[in-house]
Amino acid sequence: MQNLGVIVTQATAADAVDAANNALFTTNNLWILIAAALVFVMHLGFSTLEAGFVRKKNVVNILFKNAMIISIGLLTYWAVGFNLMYPGVNEGGFFGFAGFGLNPGADGQTSAYGDYTYFSDFIFQAMFAATCATIVSGAVAERIKLSSFLIFAAIFVALSYPITGMWKWGYGWLDARGFYDFAGSTIVHSVGGWAALAGIILLGPRTGKYTSKGIRPITGHSMPLAAVGVFLLWFGWFGFNGGSVLNADANLVSLVFVTTSMAAAAGAVGAFFSNYILTKTHDLSMVLNGILGGLVGITASADSVSVNESVIIGLIAGIIIPISVTAFDRMKLDDPVGATSVHLVCGIWGTLAVAIFGDFDDAGTGQFADQIIGILAIGAFTFIVAFALFFVLKVTIGIRVDAEEEEKGLDIMEHGMRSYS
Amino acid sequence: MQNLGVIVTQATAADAVDAANNALFTTNNLWILIAAALVFVMHLGFSTLEAGFVRKKNVVNILFKNAMIISIGLLTYWAVGFNLMYPGVNEGGFFGFAGFGLNPGADGQTSAYGDYTYFSDFIFQAMFAATCATIVSGAVAERIKLSSFLIFAAIFVALSYPITGMWKWGYGWLDARGFYDFAGSTIVHSVGGWAALAGIILLGPRTGKYTSKGIRPITGHSMPLAAVGVFLLWFGWFGFNGGSVLNADANLVSLVFVTTSMAAAAGAVGAFFSNYILTKTHDLSMVLNGILGGLVGITASADSVSVNESVIIGLIAGIIIPISVTAFDRMKLDDPVGATSVHLVCGIWGTLAVAIFGDFDDAGTGQFADQIIGILAIGAFTFIVAFALFFVLKVTIGIRVDAEEEEKGLDIMEHGMRSYS
Amino acid sequence: MQNLGVIVTQATAADAVDAANNALFTTNNLWILIAAALVFVMHLGFSTLEAGFVRKKNVVNILFKNAMIISIGLLTYWAVGFNLMYPGVNEGGFFGFAGFGLNPGADGQTSAYGDYTYFSDFIFQAMFAATCATIVSGAVAERIKLSSFLIFAAIFVALSYPITGMWKWGYGWLDARGFYDFAGSTIVHSVGGWAALAGIILLGPRTGKYTSKGIRPITGHSMPLAAVGVFLLWFGWFGFNGGSVLNADANLVSLVFVTTSMAAAAGAVGAFFSNYILTKTHDLSMVLNGILGGLVGITASADSVSVNESVIIGLIAGIIIPISVTAFDRMKLDDPVGATSVHLVCGIWGTLAVAIFGDFDDAGTGQFADQIIGILAIGAFTFIVAFALFFVLKVTIGIRVDAEEEEKGLDIMEHGMRSYS
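Residue numbers (the working numbering), protein chains in the order written: chain A, 202 to 622; chain B, 202 to 622; chain C, 202 to 622.
These are computed hints drawn from the structure, not numbers from a lab. Accuracy of the hints is not assured; some may be wrong.
Repeated chains share a single entry, so a pair holds when one copy, or any two copies, can fit it.
Lysine-lysine pairs mimicking BS3-like chemistry, simulated, CA-CA at most 25 Å apart [stated by the list, open to error]:
#, residue 1, residue 2
1, K481, K258
2, K595, K481
3, K609, K481
4, K257, K481
5, K609, K257
6, K258, K595
7, K595, K410
8, K481, K533
9, K609, K595
For reference, chain A alone in the conformation it holds in the complex (with noise of 0.2 Å):
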């Protein structure tokens, strides 16, 4: 009898320690759920933001863009995508492939790793991939077709982002070196950057941008749509980067929820001065645009890094961006709505932080020479296929709207409608 008791206690304990396993893992999946739709509010911030940065004439256009660039992206992802980032073999590999469609398992659903199942994997990972052509979106407005957009969109979001995204999160190449990029500074956000350089070399500026009198401004038609895009951008980066902890872990999550939110402000305020110092003026998009250059610049280091880091980090990404935008525009590669500034320059940024500031048990993680091979290997990759994709439909159906398009207004001539009436 004391034998039998002491076998239903056993027992009894070990139920409750499933138990326990079960609760966690619940709450664990369920926190990537809500990141997911955290990423998905993102897509939302990108829609409004590139809006209201453009003219009242191409809206129409630039929303019907961001709307198929969601679903188009996470249709791809279901057929391809997700199968290509993580293929789950060839460790330390350059390219996998496990398949089409989606492939829960024996059990089901329940993932592999351990804190979420299958779906949740593939859903978070899925909102994070449509989110590198939606960057490529307002960098080429205003003067893209159409048709050749969508068309890049859904052959860059199947191929093109999953493949270099595998080389780290996949355990590929630059994973079993050493690259370190926690949430995506690289893998999303430059990633997303390179194509739009890519696409703006060959679309051209708008007409009228570059003048022989010097750079005429154009202005974005609604303000209150931009700032609305930032802060839901910055509402969603909570479930970018804090969801990329992979579970709930309660101190991982804070941290990472901290450093996120200080490095925004702090590129607010970055700009904010490093604008004023510049033009003597207070422009709202260089302070939203700040705002988002902290956020790409913490995403590669959100969880590796202190607070006062954290600051340091997001103070220099807002200092970074109206120097960039400047520049670009030196250089007259136009880009409506400063995504290269953002994305591409503060991406990088925010990857060779991690050199800087990173704190990682293992030595061999996140050295400078590494990220440096990172940025140049996924970014020359990147800008290479993105630059062949566009230039072969340049070449056959064309990828910049005519003349008469452009003045007119792409709402009217590819959609038939107007934003307002």
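With chain A's structure known, arrange chains B and C on it following the hints.
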């Protein structure tokens, strides 16, 4: 001493199981609350969607109605609706009522259902309830009298929605038959759609919409507002469908997030092509309504279809949208926001899709015949009640503003203010 | 061997308890973080609300201020505010300071309070802190100098808000007396309202508001922006009040969600009727402010009143709004957004409602006398500090833009850009 040891151990193990159960209960309950907050966001989404799709002169009116609907909806659901929908008695019945107000029971608040509290149950359901009236508000916009609409909405949310809702979710006669509607393709969306149809018929079209020269499109005043609304509705739908699991079960909630998103994405693509084939244009409003159609379509089956099937369901819903919008216009049923196409037609499609694709342990669940009986029974009851309500209002205080008010706009005439200045 | 068995079992049961506690801690902490993200959304809500209620020529300015307020607020709270508000010493005192920056302690991050980490505590409180300055920003809109406002906001958030906050939430002298303010009807909202009142008095009304012929209404430029703001504030309030439970306790957080929502709904209805009786119109801005009044009103007691009582509290708050707005206008205190009526007047009402309706285990909590002492002490301190700050700024760098700038608008004169183009 050994005995004592065993007894102490047993107590500790039982305590541990209790502690684990409490942790899981806390997570489950928190998810229902967060889901309720997300469903609340849908009311903002409907507000901006409808505001964007009406003319500038009627924007204050639609915002006023939406602010009042959620408020009146919560109050009437608190007063009578909740206890009509979940009477907790006469299973398999047509009608029940558990008394006025909230009755959290002897233990204070804990629900009898196990996974959440009584108050969580109430607030989640209450956020749902007002949705059906919001659907009506868009369809009858730009010509209905404010007072008549508010009276209609109060009675409809207080009495009609909960009674038909009880038939399934309150363990009524449709539930007993095996009718299946996971999160409300019929119970919420079609119910709103049927009431909208009744209102449209009794009100007649907006002046100038259907002329002797054909249909004159009346375009919405702000596409950004409409687009923001659709993104916010998608965001809120994570709570609408995800919360309808009624706990935070990792496998099920994850699946629902994926099927919901994939159907929305496929809805956009379906509407994109369907509309292009029909009209050779890229109409933003069609793609936006395609997303909503996909979301409504998957709502009845989000927990019981595969991801591949969710893509098919969403794609078909999206394809339906432009066809349905055109069909309603040919019938001279004037719906400014397309609510009948999105919520009624795609709601029916989603409810039928359960019978086609649904995978249930119990072979008696979701059969074709029962789905059709559910659609018809709830549709007939709702349409008749809504028609009767609008009819009584029409012959008493009137439901349509006079010609001068319609011409000058409801903002000035009913509210004495302009939407923009 | 039996002994060994017992020991092993005991260890396992203890492990199970630890695991269950860890699961619950993870959920509790996650809720504080999500609540912090929701309070962040309130800053977007305030931004669009205030932007909607000002004229087109001052929209960039108000957005700029709001983007800077949250950023400066987070940075000053990190630098000094958090340690002024939670000094962790001298319980029952008037003032304390735990040093500059964040001090997560020896264990890294875990809070001494038990249910969340140090960093979660910080970010949740930091999101609150900037709220009080945002309230001021709306009231002083359209005429205050950007530089003066930012200096005021930085000092006010860094020093004044945390000191009065400490009196209650930092276990100071008001807490020792039994003053009760659950989530800050007084500590956050009235504090913002008193500072707004000081600013309004020293600034004077906008040119042309109070003329010899009476009060000339100056209407906001975008009702959709204002309405979006109110819905987002309601959404964020789920975190503001729900997170103030300071864990995810199922019973308490559920109750708070319900009381918060019911008070908001009742506030809309109260303002609807109150305004109709006063003016015979259906003014959207009154209903929107009625919702906010209900939310502010329930904030002090959301965890300690019944649902029926929450409806009464919200209803009275809503009824107050049109009366208060009219009264301030009669006193020629010009508040473009109604912030003093919403946050100061309804904040006081909510704090008194604690004494009327509050249900506490400890009879010494929330007594009328102590509520009034709290209102007066915090009000007097805040008003004097804010008045002194604005006064010093007024006699040094000036606080009001010149007549030409007010006429042409702050957007062009302070920012060199237009809100719409």
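Evaluated hints:
For the homomeric pair K481 and K258, the shortest alpha-carbon distance between copies (20 Å) is at most 25 Å, but the shortest distance inside one copy (30 Å) is not. In this homomeric assembly, K595 and K481 come within 25 Å of each other (Cα to Cα) only across copies, at 23 Å, whereas the closest approach inside a single copy is 41 Å. For the identical chains of this complex, K609 and K481 are inter-copy neighbours only, at 19 Å across copies versus 34 Å inside a copy, given an alpha-carbon limit of 25 Å. Only between protomers do K257 and K481 lie at most 25 Å apart by alpha-carbon distance; the minimum there is 23 Å, versus 28 Å within a single protomer.
Proximity of K609 and K257 under a CA criterion of 25 Å is satisfied in both settings, with 11 Å inside one chain copy and 23 Å between copies. Taking identical chains as interchangeable, the C-alpha atoms of K258 and K595 lie at most 25 Å apart only when both belong to the same chain, with a minimum of 23 Å there against 42 Å between chains. Proximity of K595 and K410 under a CA criterion of 25 Å is satisfied intra-copy only: 21 Å inside one chain copy versus 42 Å between copies. In this assembly of identical chains, K481 and K533 lie within 25 Å of each other by CA distance solely inside one copy; the values are 23 Å within and 36 Å between copies.
Within a single copy, K609 and K595 get their C-alpha atoms as close as 22 Å, which meets the 25 Å cut-off; across copies the closest is 46 Å, which misses it.
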